[in-house]
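Novice: Mapping of the sequence shown onto the numbering used here: position 127 corresponds to residue 127, and the numbering continues sequentially without gaps.
Heads up, none of these hints are tricks.
Below, a list of computed lysine-lysine pairs in the DSS-like style, where the Cα atoms sit at most 25 angstroms apart: (1) Lys-163 x Lys-116; (2) Lys-43 x Lys-9; (3) Lys-9 x Lys-116.
These aren't lab readings, by the way, just hints derived from the structure by calculation.
The structure displayed is predicted, hence computed values, not measured ones.
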Amino acid sequence: MSEPARGYKAVFLDRDGVINRDDGYVYQWAQFRWMAGAIEAMKALQSLDYRLIVVSNQSGIGRGFYSEDDVLLLHEQMRAHLSDRGVMLLDCYICPHHPSEALETFRVACNCRKPKPGMILSAVRDHHICLENSVMVGDKPSDMEAGLAAGIPIRLQVGEGEKSPVASEYLMDLAAVAEYLSAPSQNS
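Could you put the whole structure together from the sequences, leaning on the hints where they help?
Specialist: Below, the structure written as structure tokens:
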């Protein structure tokens, strides 16, 4: 399969609250609990030719609660579990920073922490992604703001948290996202 002239389309996925339950600073496989229908939804998104990319704020690293290696191991285990079920995550990007509540080396106002678009823009460069054909999926306003700042036209907020005024749609979960993106009006 050749690379499209304008780049691949992607679904940028927040992790906690979208893929897995947000039980607060999840960093070990034993803590990881899939959201209902998430694996099947990712498989459906993949079947629509979307590349799947995780973009996740992980300030627990910067706060000293766990290490970057802990998160990398968790993502390796998550990716292996998904691969065994026919789902390929193209990449996982994390931001360990926090502008005020982190250990000194991680206490920075960076461009990668959502709502800034740095993780998304890194993925675009690394994987030849076409933003105008891509989608941002998250459960927080900062996810939607990051998608907007990066230039992603479709920003889908899931869950029942604080609603973002820049979200394109509010949906229940990742399964509803897959259904929404499968609609003929989204693929014309």
